[in-house]
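Undergrad: Whenever a hint applies, use it, and build me the whole structure from the sequences.
Number of protein chains: 2
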Amino acid sequence: MNFKIRAAKKDDCKDISRMIMELATYGKMPDEVKISHKELERDGFSSNPFFQCLVAEVPEENKSKEGHTIVGYALYIHTYSTLKGPAVYMEDLYVMPDFRGQGIGKSLMSKVAQLGKEKQCMRLQFAVLDWNTPSLDFYVAKGAQDVTASEGWHFLRFDGEALDKLANEAED
Amino acid sequence: MNFKIRAAKKDDCKDISRMIMELATYGKMPDEVKISHKELERDGFSSNPFFQCLVAEVPEENKSKEGHTIVGYALYIHTYSTLKGPAVYMEDLYVMPDFRGQGIGKSLMSKVAQLGKEKQCMRLQFAVLDWNTPSLDFYVAKGAQDVTASEGWHFLRFDGEALDKLANEAED
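As you go down the protein sequences, you meet chains R and P in turn. FYI, in UniProt numbering the residues of the first sequence are 1 to 172. FYI, in UniProt numbering the residues of the second sequence are 1 to 172.
Hints are computed from structural coordinates only; laboratory data are not their basis. We put the CB at the ideal spot given by N, CA and C, even for glycine. A hint or two may mislead.
[Claimed, not checked] Facing chain R, a subset of chain P residues (Cβ under 10 angstroms, in silico): (1) Gly67; (2) Ala87; (3) Pro134; (4) Leu136.
TA: Here it is in structure tokens:
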């Protein structure tokens, strides 16, 4: 299928927000989504954006049955490794189910890698749920290492009341 | 012990670089460190810094046996959750062994949380190696969740030749 990968624009935020909800539903956490297209517009398209985003677009004649031409996205952040220097963290990679198996996800991810390399990034990292074997298999087939399995890295998180408590204990 | 938490300055990069090596040695990967104070100065103290950093400083009379007054650091990055919005990723938290057990690590981490909350961050995330039980116990005692254990999140990574190959397959 004919498709194009391009940088997201502010006008794409409704489509990105729709796909964030689709991805969260697939990830079994639809109730966890607390941001809408308004927050995406504010946080991603101001003078100091929190994130970068690519979208995959198909021609009008290939639109989805609901009428969408934006059918995938990759949202990523520039981070830093104190071992290796600049790095990229890919927060989300998503392609709508009817558009899978045609290289769109691979093209989005390759473009994130290419843009990262142009900024001297030495790593592309991301997180996958362990029950999501289709995604794990996809990434490993493309050359990714599961460093939780191979090196034992665990993700830890403070949020909600635990984060409030921690922050309140800081000295001014 | 008397100590002060403050934002790192460019002049602190030699100390931060020294402690990155100490932390990497503790993490059993000293050969992995590819950046020096020069890269830290360039990447953290230019107009668009890749990271933020706090240091812990003790008075001259409490300096380490090697003569150091900068005895800990927390290096962090502003990231983004497509579920919750702005977030903080703490790349490193380190306190020199002779200065542990006195609240310095907790104070560094609380300050990262406080500064994150001021920027509307809803999450503080970081990664810990599974054999590092003293650190895991420390974080969990402070209220962190191990979301690799509880939700199954795995870290994946492209680097080296795998990253080059992926980037080279992108379309221009």
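Undergrad: Grab the minimum C-beta distance from P/Gly67 to chain R and call the hint holds if it beats 10 angstroms, violated otherwise.
TA: Constraint on P/Gly67 not satisfied, violated at 23 angstroms.
Undergrad: Double-check P/Ala87 for me: the hint is only fine if its C-beta lies closer than 10 angstroms to a C-beta in chain R.
TA: With a closest approach of 9 angstroms, the P/Ala87 hint holds.
Undergrad: Grab the minimum C-beta distance from P/Leu136 to chain R and call the hint holds if it beats 10 angstroms, violated otherwise.
TA: holds, 7 angstroms
Undergrad: Against chain R, run the beta carbon of P/Pro134 and see if the smallest gap drops under 10 angstroms.
TA: Violated, because the Cβ-Cβ distance from P/Pro134 to chain R comes to roughly 14 angstroms (cut-off 10 angstroms).
Hint compliance for this structure: hints 1, 3 are not met, and every other hint is.
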